[in-house]
Amino acid sequence: MSLVLKNVSKIFEDSKEDVLYRINLEIKKGEFVCVVGKSGCGKSTLLNLIAGLEKPTEGEILLNGNPVTAPGSDRTVMFQEHALFPWLSVVQNVKFGMKMARVSPKEQEEKAMKYLQMVGLAEYKDHAIHQLSGGMRQRVALARAMTMDSAILLMDEPFSALDKQTSNRLRSELQDMWLRTRQTILFITHSVEEAVYLADRIVIMSPSAHSIANIVPVELERPRHVYDAEFVEYRRKILKEVEGNQEK
Amino acid sequence: MKKSQIKNTKWISEVIFLCGVLILWQLLYVLGVDILSLWKPYAMPSPAGVLKSLCALLSDMSLLTAVGYSLLRGISGYMISIVTGCFLGFLMNHFPYLRQNLRPVVMGIQTLPSVCWVPFSILWFGLTQQAIIFVVIMGSAFSIAIAADNAIRNVPVIYKKAALTMGADSKQIYREIILPASLPELISGLKQGWSFAWRALMSGEVMTTCIGLGQTLIEGRNLADINQVMLVMIVIVLIGILIDQIIFSKLERHVYQKRGL
Ligand SMILES: Nc1ncnc2c1ncn2[C@@H]1O[C@H](COP(=O)(O)OP(=O)(O)OP(=O)(O)O)[C@@H](O)[C@H]1O
Ligand SMILES: [Mg+2]
Chain V
65 MSLVLKNVSK IFEDSKEDVL YRINLEIKKG EFVCVVGKSG CGKSTLLNLI
115 AGLEKPTEGE ILLNGNPVTA PGSDRTVMFQ EHALFPWLSV VQNVKFGMKM
165 ARVSPKEQEE KAMKYLQMVG LAEYKDHAIH QLSGGMRQRV ALARAMTMDS
215 AILLMDEPFS ALDKQTSNRL RSELQDMWLR TRQTILFITH SVEEAVYLAD
265 RIVIMSPSAH SIANIVPVEL ERPRHVYDAE FVEYRRKILK EVEGNQEK
Chain Y
37 MKKSQIKNTK WISEVIFLCG VLILWQLLYV LGVDILSLWK PYAMPSPAGV
87 LKSLCALLSD MSLLTAVGYS LLRGISGYMI SIVTGCFLGF LMNHFPYLRQ
137 NLRPVVMGIQ TLPSVCWVPF SILWFGLTQQ AIIFVVIMGS AFSIAIAADN
187 AIRNVPVIYK KAALTMGADS KQIYREIILP ASLPELISGL KQGWSFAWRA
237 LMSGEVMTTC IGLGQTLIEG RNLADINQVM LVMIVIVLIG ILIDQIIFSK
287 LERHVYQKRG L
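As given, the protein sequences belong to chains V and Y, one line each in that order.
My numbering applies: residue 65 is where the first sequence begins, and numbers increase by one.
My numbering applies: residue 37 is where the second sequence begins, and numbers increase by one.
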């Protein structure tokens, strides 16, 4: 599996400026890629283009050599605000994608329970969504996204609406999950710390050039710890680049 | 236990209040008609007179027959309204052209009081059942169409996006997302549609000659029996409240509660 962006540009109809200009990026199977950058630099737009929710003005996006033209289950998105369906129970939500794909009920049940167990919410399977806390909701959303076995999982600031403590816990759970499954992930965040914690490579977006400023590989052992000297060093270096781009 | 106690006392106080109103009404009648002769007896109903009317109409079964016919007509017209209204709402959502051009027209027609359809319907259908049902449909279908259109439009985009990236096709989006997501608002719209249908039914029945509550009301007027008129009005109100409370409010509460709204 490989995802390739070739000279991808995006201009919205109602704005004259490019939101993204000639983006080139390749993501390989099993990679965890984080995108960081200041608010409004086009991170979500990039993700929506890959998801097929928006169309590029120029360039092409290829998944395994095939151009991306529409949304599909091979590129599941996990949104910032939980996009769980309030009319379905927890387990029905997790089964949703499999139901769309007409997976047999038995397999739906098995797989849903497997991932609910992985996020530690098996006993909440019959709860209503409104009975869950924000952190639990994002865990359910993660379980739901994982059942899709997407070629690439797209995550748009999935933890940024949560309090610091909860979001730290969730990112460490996500790391555990990733170590077990090696699901290919494109993860968008405005937190450099989160990116250094999770990523194999960090894509730094430049708001002034509307493109990629730099791509930094993170060569740290996993599991990572935010207080390690090396971690702090990475964080400092990337933070400087992100801020530096801002000033230009 | 506490909660049910509160409910009990509420219920009791309501009954006491209604009894008070009835007693006051009877006193007023005695004072105004019998003692001071302010009103003519045929122009002023009294609780006792309404009760007598009730017994008379119950004993010859005419009240129940009228209620039965009215309900049957109201419900069948309303059902047709639901189907056509929801279909119209769906069309306006699916085709931007219709949203732009048809919606304002439907909005306009919706403001028309249902009585206005009576001349049309009598010319087309005569003094028949169909004429009444036509008025009911015209009186409620358009409001249901607007409500359905709004309900569909207010479905958060993020639900559709999430479903699309989980591989849902457009048919599945309608069945699994738009329908359930718009349900709470749709039910509120249907509830309002019923109240329009029920009112339209009365305008229709009053104008034609088919057996029904509207005719019983007119018959009361023709016989100068103000008590019968009053009785029918009370029955119309009671049926309206009953259907609202028994069917729609329960349904609404169930759907809203399940989603924590
Ligand atoms: N549908 C749209 N139509 C017009 N302009 C848009 C649209 N969506 C985004 N934009 C513009 O594109 C730019 C990038 O938006 P985007 O949401 O991708 O930023 P972001 O990096 O995700 O920001 P944040 O970190 O705040 O989420 C912004 O200037 C925004 O105003
Ligand atoms: Mg964003």
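It should be emphasised that the hints constitute simulated quantities derived from the structure, not laboratory data.
Among the hints, a few may not be true.
Only pairs whose alpha carbons sit at most 25 Å apart, straight line, appear in this in silico DSS-like list of lysine-lysine [as the list claims (entries may be wrong)]: (1) Y:Lys-76 to V:Lys-189; (2) V:Lys-175 to Y:Lys-196; (3) Y:Lys-197 to V:Lys-175; (4) V:Lys-119 to Y:Lys-76; (5) V:Lys-119 to Y:Lys-46.
Looking from chain V toward chain Y, a few residues come up when the C-beta cut is under 8 Å (computed) [unchecked claim]: (6) Lys-119; (7) Gly-129; (8) Pro-131.
Beta carbons: idealized from backbone N, C-alpha and C, even for Gly.
> For the pair supplied as a hint, Lys-76 (chain Y) and Lys-189 (chain V), is the alpha-carbon distance within the 25 Å limit?
Replying inline: This hinted pair is violated, its Cα atoms lying about 70 Å apart.
>> Holds or violated: Lys-119 (chain V) and Lys-76 (chain Y), Cα atoms, limit 25 Å.
In response: violated, 78 Å
> Can we keep the Gly-129 (chain V) interface hint, with Cβ of chain Y closer than 8 Å?
Replying inline: Cβ of Gly-129 (chain V) sits 20 Å from chain Y, so the hint is violated.
> Is Lys-175 (chain V) close enough to Lys-196 (chain Y), meaning Cα to Cα at most 25 Å?
Replying inline: holds, 23 Å
> With 8 Å as the cut and Cβ atoms as the points, is Pro-131 (chain V) at the interface with chain Y?
Replying inline: At 17 Å from the nearest chain Y Cβ, Pro-131 (chain V) fails the 8 Å test, so the hint is violated.
> Does Lys-46 (chain Y) lie within 25 Å of Lys-119 (chain V) when you go C-alpha to C-alpha?
Replying inline: Given that 25 Å is the threshold and the Cα spacing comes to 60 Å, the pair is violated.
>> Hint check: Lys-197 (chain Y) vs Lys-175 (chain V), CA-CA at most 25 Å. Holds or violated?
In response: Measuring from Cα to Cα gives roughly 23 Å; hence the hint holds.
>> So, as I understand it, the hint says Lys-119 (chain V) touches chain Y; can you test that by seeing if any CB pair is closer than 8 Å?
In response: Nearest chain Y Cβ about 14 Å off; hint violated.
In summary, the numbered hints that this structure violates are 1, 4, 5, 6, 7, 8.
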